[in-house]
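Q: Take a look at the letters that make up each chain.
Protein chains: 2
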Amino acid sequence: MNRLDTRDSDFTRQFHALHDWDANLDDQVEGRVREIVHAVRDRGDAALREFTERFDGLSTASAADLEIPRTALEQALNSLEPLQRAALEEAAQRIRAYHKHQRSESWSFSEDDGTRLGQRILPLSRVGIYVPGGKAAYPSSVLMNAIPAQVAGVQEIIMVVPTPKGQVNSWVLAAAAIAGVHRVFCVGGAQAVAALAYGTETVPAVDKIVGPGNIYVATAKRMVFGRVGIDMIAGPSEILVISDGSAPAEWLAWDLLSQAEHDEIAQSIFISWDDAHIDAVVSAVDQALSVLDRAPIAGKSWADRGAVIRVRDRAEACEVANRVAAEHLELAVADPESWLPDIHNAGAIFMGIHSCEALGDYVAGPNHVLPTGGSARFSSPLGVYDFVKRSSLIQASAAGANTLGQLAERLALGEGLTAHARSAACRVTDRQK
Amino acid sequence: MNRLDTRDSDFTRQFHALHDWDANLDDQVEGRVREIVHAVRDRGDAALREFTERFDGLSTASAADLEIPRTALEQALNSLEPLQRAALEEAAQRIRAYHKHQRSESWSFSEDDGTRLGQRILPLSRVGIYVPGGKAAYPSSVLMNAIPAQVAGVQEIIMVVPTPKGQVNSWVLAAAAIAGVHRVFCVGGAQAVAALAYGTETVPAVDKIVGPGNIYVATAKRMVFGRVGIDMIAGPSEILVISDGSAPAEWLAWDLLSQAEHDEIAQSIFISWDDAHIDAVVSAVDQALSVLDRAPIAGKSWADRGAVIRVRDRAEACEVANRVAAEHLELAVADPESWLPDIHNAGAIFMGIHSCEALGDYVAGPNHVLPTGGSARFSSPLGVYDFVKRSSLIQASAAGANTLGQLAERLALGEGLTAHARSAACRVTDRQK
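Those protein sequences? They're chains A and B, same order as listed.
Residue 136 in the working numbering sits at position 136 of the first sequence; the count goes up by one each step and never skips.
Residue 79 in the working numbering sits at position 79 of the second sequence; the count goes up by one each step and never skips.
Dumping the calculated SDA-like pairs for lysine to any residue here, alpha-carbon to alpha-carbon at most 25 Å:
hint: 1; chain 1: B; residue 1: 100; chain 2: A; residue 2: 109
hint: 2; chain 1: B; residue 1: 165; chain 2: B; residue 2: 77
hint: 3; chain 1: A; residue 1: 165; chain 2: A; residue 2: 132
hint: 4; chain 1: A; residue 1: 300; chain 2: B; residue 2: 413
hint: 5; chain 1: A; residue 1: 100; chain 2: B; residue 2: 112
Among the chain B residues that face chain A by a calculated CB cut under 10 Å, a handful are:
hint: 6; residue: 116
hint: 7; residue: 126
hint: 8; residue: 137
hint: 9; residue: 206
hint: 10; residue: 257
hint: 11; residue: 337
hint: 12; residue: 358
hint: 13; residue: 359
hint: 14; residue: 361
hint: 15; residue: 362
hint: 16; residue: 366
hint: 17; residue: 400
No wet-lab data here; the hints were simulated from the structure.
By construction, the Cβ of each residue, glycine as well, lies at the ideal position given by its N, Cα and C atoms.
In isolation and in its complexed conformation, chain A is listed as follows:
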């Protein structure tokens, strides 16, 4: 684990080394992904089946085998034990209730001359949800991606999930049933993204693709962006915990490790101005690691990418937090509300010592798909707003066209666009002197 101290003259360099990296430009991955995307675009199902066999070890007798039938989803749901099923359904219900607050309405207004202006908001018609498969197949991810689409009113939700060697995760299928997914295909990787973007004989083309994935999935999403919409490019998960010592060190250690156990390149950062508290948390992490199932992963993440930052005071803690722009920010402090005005960048803010990230990951209601890698500076949690599109509405009255037409004509002539000017001028009936 990296120990930083804002009082060190070298702090800025160390901080950048910790925080900055640029996963944007990997030429080799890009070349391989481009081949896959082109092949699926050009050869459809045939290419999709080949890649599924090559990368997932799943051979299909026909293209129809790429789809997991609806009955399998219902079966999976019925196969859960009652407590598990209830937990999943309770989580879904809370997520749905929270996301309903994100719906927005079309609006319009009229001007004195009868001209009407507005904006219409409609759900997307068809979206694709990428769900990682294999060891990291998470039912919570299905809920978090599909429910906002469902709340937005999307007509058709298509899920893709790789099933390596045919291994199907019944929790994931059950979650798809609960979240209102319409169709599920057992494909993954760049080939699944390409299939959703371009459509194949079997997989329908969608309007937008969302959901997390590895570097191949992320690169493919970036490549098809424009052809379809995509959500943000997800990077490794991060947590930043600011503590004033209100919470027991052990709680905070588990919070830090709940991030670290995701991935060896996940990042957990702990910030405080209290040296004794910092030491206590560092010990608690070591102790927790000694009993943790996923210690090999979490330990490596904490050792390589984890950090403890000793700051001078609360103001510096906020400054560092804003520069990190963490995906998850825990304000493990006594008076979290008073901190909010100083926190500008964070995907989700967990306020107070009872609000650990794990609650948000599963059941609190807000989305767990959050901007990573500092992108909380400019992007937002996945939400209902990601599954709608807006159209401007412009209905000029004859009188409105007369007035506005003269203004538009003048500006168009200033830009040298005479057809624009003529188009506006046609509608001018009573020219101002």
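Starting from the structure of chain A, add chain B where the hints point.
A: Only chain B this time, still in chain A's reference frame:
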């Protein structure tokens, strides 16, 4: 111009040929852009100045010369003739008034056990606006990109505009002054995008880059996406006019050409079920072309990419419009309101014969930065919502953490994430039997 008829057996193929193309994957441009982006990222101002000299023929004595001082903006504004200035200011005011309707408020709610959930909405801190220079330098584009950022409350709006051989467009600078742009740099192309994304010694790094540009600009934006936010990738402009014959053919001809005059690859499509009306519009376009200043551009656009689609009826007109998902859709019909429920995909809908696209391009108020190339299926006009970011707020009470913690623990264990389970379990005080 292409003539299509939905009654032809070959219609679908012809329609796809007209409509579908994939500008996404151009390896050669990508390679050149990558070099430029890497150079600016790694060498900052030095590389930026070299590229500006090479591509724009503008040599600078020092990096400071890359900035156009604020006084130059004010001077440009004062140099406009009064009527021109008034038109620009009136347009700005209308755009501002419209966009104020797009602001949204933070929200939160409390649950019975004291747990509070919500979402906070804040403006982005610093954004970059790309404005094309040279022959296609449009002040209206400055207003349309900067005003939504200003209405959102963005603290610093940075504009980049190439000034080939030092040629500055004073309209563009005046528009920057009106629209509240804070700083302007005379750089363009992929190098300007890289400078905004990574920052140089002179150009500050921004959180998001918006604005139209050529294939190099678009490719660079796609490349830095993730490092910074970007708006949609703009393609060539399109208009689709559906007419029931209510408007004079001449009006519609100018409307079609107002799109065609933008660019040789702009696309104008006319749809009707009335053969005589179609013929009249086609003749009117030919006649209008004979007097149009930009006839070489507009003529080529109309000849190569323009189209007239004869449909059977209104239902088919809507079906084609939804498949095109046009940037601009004119419903030149007597009862546009009754059409709206059947129109699902369009960037902006111009309702009725008085509502020509040119009004929307300049003065009506809605944004003229609109989804192109069919992306209206999943994306929206540029708006205030593009200049804000959201943070989820999760404040669990002790009682809430007790209930939610038990649920989260169960789900986390189902996913094999034991640190998540422990983190939630810490906060459980009163375990359900």
